[in-house]
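J.: Given chain L's structure and the hints, the job is docking chain G onto it.
Protein chains in written order, with the numbering used here: chain L, 50 to 513; chain G, 10 to 219.
If you are wondering where the hints come from, they were derived from the structure by calculation, not from laboratory data. One should not assume that every hint holds.
Unchecked claim - Distance condition first, Cα-Cα at most 30 Å in a straight line; then the derived DSS-like pairs of lysine-lysine:
1. K87/G x K196/L
2. K193/L x K209/G
3. K209/G x K475/L
What the hints assert, rightly or not - Computed Cβ-Cβ distance ranges for the label pairs, DEER-style:
4. W322/L x R190/G: 15 to 21 Å
5. C342/L x R132/G: 18 to 24 Å
6. I180/L x K108/G: 38 to 44 Å
Built from N, CA and C at the ideal position, the CB exists for glycine as well.
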Amino acid sequence: MAASPHTLSSRLLTGWVGGCVWYLERRAMQESPHKFMHLFRNINKQWITFQHFNFLKRMYVTQLNRSLNQQVKPKPEPVTSPFLEKTSSGQAKAEVHELRPISPPSLPLSRKANEKELIELESASVIEASIDVGNATKEEKQWKEMKLHVDDLPGILARLSKIKLTGPSSVRGVPPHKLPGACHRIALVVSTTSAGFALAPGPFDWPCFLLTLLGTGLASCAANSINQFFEVPFDSNMNRTKNRPLVRGQISPLLAVSFATCCALPGVALLTWGVNPLTGALGVFNIFLYTCCYTPLKRISIANTWVGAVVGAIPPVMGWTAATGCLDAGAFLLGGILYSWQFPHFNALSWGLREDYSRGGYCMMSVTHPALCRRVALRHCLALIGLSTAAPILDVTTWTFPVISLPINLYISYLGFRFYRDADRKSSRKLFFCSLWHLPLFLLLMLTCKQPPGGGSDKGEPQS
Amino acid sequence: MLPECRAGSPASLSRLESRDLNDRQTCTGDRKAEDYMWSRANQLFCWASPLLPCCWCQVSRFCPPRKSCYDWIGPPDKCSNLRPVHFYIPENESPLEQKLRELRQETQEWNQQFWANQNLTFRKEKEEFIHSRLKAKGLGLRAESGQKATLNAEEMADFYKEFLSKNFQKHMYYNRDWYKRNFAITYFMGKVALEKIWNKLRLKQKKTIN
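Excised from the complex, chain G in its bound form:
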């Protein structure tokens, strides 16, 4: 028998929620006015700033089906290339499970921030490098065919080397933190798995005694 699944605490679900509604967890009910305003503001911001891709602005409106008791993983984010995970919160979540979920959530956000920033910076600096090199060559930004002018791989090599060495220290700190978090998550996953097995065994023991 599956435990009842829900997207959030009962208090956060609005009165408009209905179980019959396409069998989905109504996350719009969860959205308070601030959430809505924030997502709208971000959309407006996206329209207004063509230089910045809208990827980190858009909040995914995905809500898993009500019946599902598993995490859901989405398509790769346009900026960070990382796949977001929508974590399932069971009814009888233990403190350990909650700790694991929060750690995973926090790591996901931290990773998202790092890689979105990294990729955006890379893209931006690559564009600047191309522009400056094209200018130095005396070429325009568009080739004669009308397509965007690019540099070949050998010309870009200088940029790749410079970018890598510039971000070396940043990567060192990231690597160290990533390894710590990865080990911690796996360790807690192991603990949670053991806790579940232990609880199941205890339940079985009680049943056999009764």
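Bound-form chain L, shown alone:
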């Protein structure tokens, strides 16, 4: 409604009454334009609520008290009371028209020499208050009801279990779409498990494969949920993790724990009875290691990185044991490859997060022992070359594999060396991003060079 108060009031009050009112109103407008225009504009827009008005009133009164020795005090009370009873802007307008005859006369009553000061103070305090109120209103809009909508639940649970991360969470300004590997933790676990299963000797059993993937996926969901349950205040303080569901209050801790239990129990049961008990035991051990060892250890000692590397190494071992039913050299080789890969990946990532780790109280090598951090990353890049050479020796792959994987291994080792020598953000980011594509490519090459059945020394056709 763009109609000005002038037009409306002259419509409502006719004849000389209207004329008087209009005159008084003009005078009031001229004398304190800021206050009334501000108020009327806000009434029309329904911007001022009772609280804001009370706040403005208090600001106004305090400012006046400070400078004018309580001499001139225009009474906003008559203006406020109608707002208590009426809520619609239309009704508020009507009230305003009725009021205008009342309030303006009170203003000119005891105008003294400090009238101009009064106006300045009013406008200053009202503008300041309005900015403050504006900020308060903006802040109020950001409050969200903690009501769980069933439609949102799948998305929330996906984020809780780290299937994927959406939103502005990022690694030091790197947008999420450029960080696929870091965000899709479940995808990583499931793909390394399937690589372990596929690389294991013996015929490929599809039902067993699917059950293994499902069981490992569920176990990983459970572990990730418990991790987030433990880390709420720490996650709030880190840029990378501040949009997680528990931090944002989208679900309660009870629901997170219940979800974790509902994932862990069927997951482990599936692995134990659907696949084999060894895989089930490894699943339970991995959940325990991640939630009860790695998560608390992150805040106690740098040993957490080594524990975390073991956590990452277990899924391919589980894939292998699911296919073969035993823990043999091949399983340990695959575990070793994933174990070694974790170091260049995580150490490079943590290099850019040192400030957050320091402030949040996380004990990471990048903060406490930076030289060790870089040394370990380089060491394990070189170890990958060694492990790829060990693959044909252990009959996991043919001799083609170390040859064709050499270029990518040398490249990551080169980047590891640059990180070791330069120790800056640029080299750490290069190493991190390289690790993201290095692992899937490495595993793919391993699969293509898999030792064919009967091609090895003692692995013949499987007995029926």
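T.: This is chain G only, laid out in the frame that chain L set:
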């Protein structure tokens, strides 16, 4: 049928409260003179002390809508980065629910205090470190372009290491307490949920009997 929602006990609501008023729970009615004076004093303090951010001074004036029977969560606090929760108090709150709410409220305040202090200390000590390093280098606080001079990540690494080791013990105590509180809250949440389910079942049983 939703139980009647309210922000506080009836006694604390002022006579100015009106149901029609924008459908909001009028928390200003709750504010007594001391609350108002405290928030005003804090605002004045904030204006007077530019070195300290005003975050922990500002009391959020948010009041949930009258009809809502849920907790409300706010934007992250500027100092602690934690999101404050406005806890809903139902009409027929059981002693267990009250215990849970008070525990959550107290944990929230405790967390707020710890992290606000932690982040403020970090910021302050970081500034001091930068100033001292710049002084040692013989550089001013402002670069030639007029922007604030900073140290690169490698130079800051010494500070990060020192800060982490200095606060290690503090974090150990905090971690231990946080784990205890987190488990306690979740445990009580579970108990409250079971109590609600039990009450609903009892009610259903009574209805079927009648």
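J.: Could you run down the list of hints and mark each one as holding or not?
T.: Consistency of the hints with the structure:
1. This hinted pair checks out: K87/G and K196/L have alpha carbons roughly 24 Å apart, not beyond 30 Å.
2. A distance of roughly 28 Å separates the Cα atoms of K193/L and K209/G; the hinted pair therefore holds under the 30 Å criterion.
3. Restraint check: the Cα-Cα separation between K209/G and K475/L comes to about 60 Å, which exceeds 30 Å; the hinted pair is violated.
4. Distance hint for W322/L and R190/G: a CB-CB separation of about 37 Å, inconsistent with the stated range 15 to 21 Å.
5. At about 33 Å, the CB distance of C342/L to R132/G disagrees with the hint of 18 to 24 Å.
6. Distance hint for I180/L and K108/G: a CB-CB separation of about 41 Å, consistent with the stated range 38 to 44 Å.
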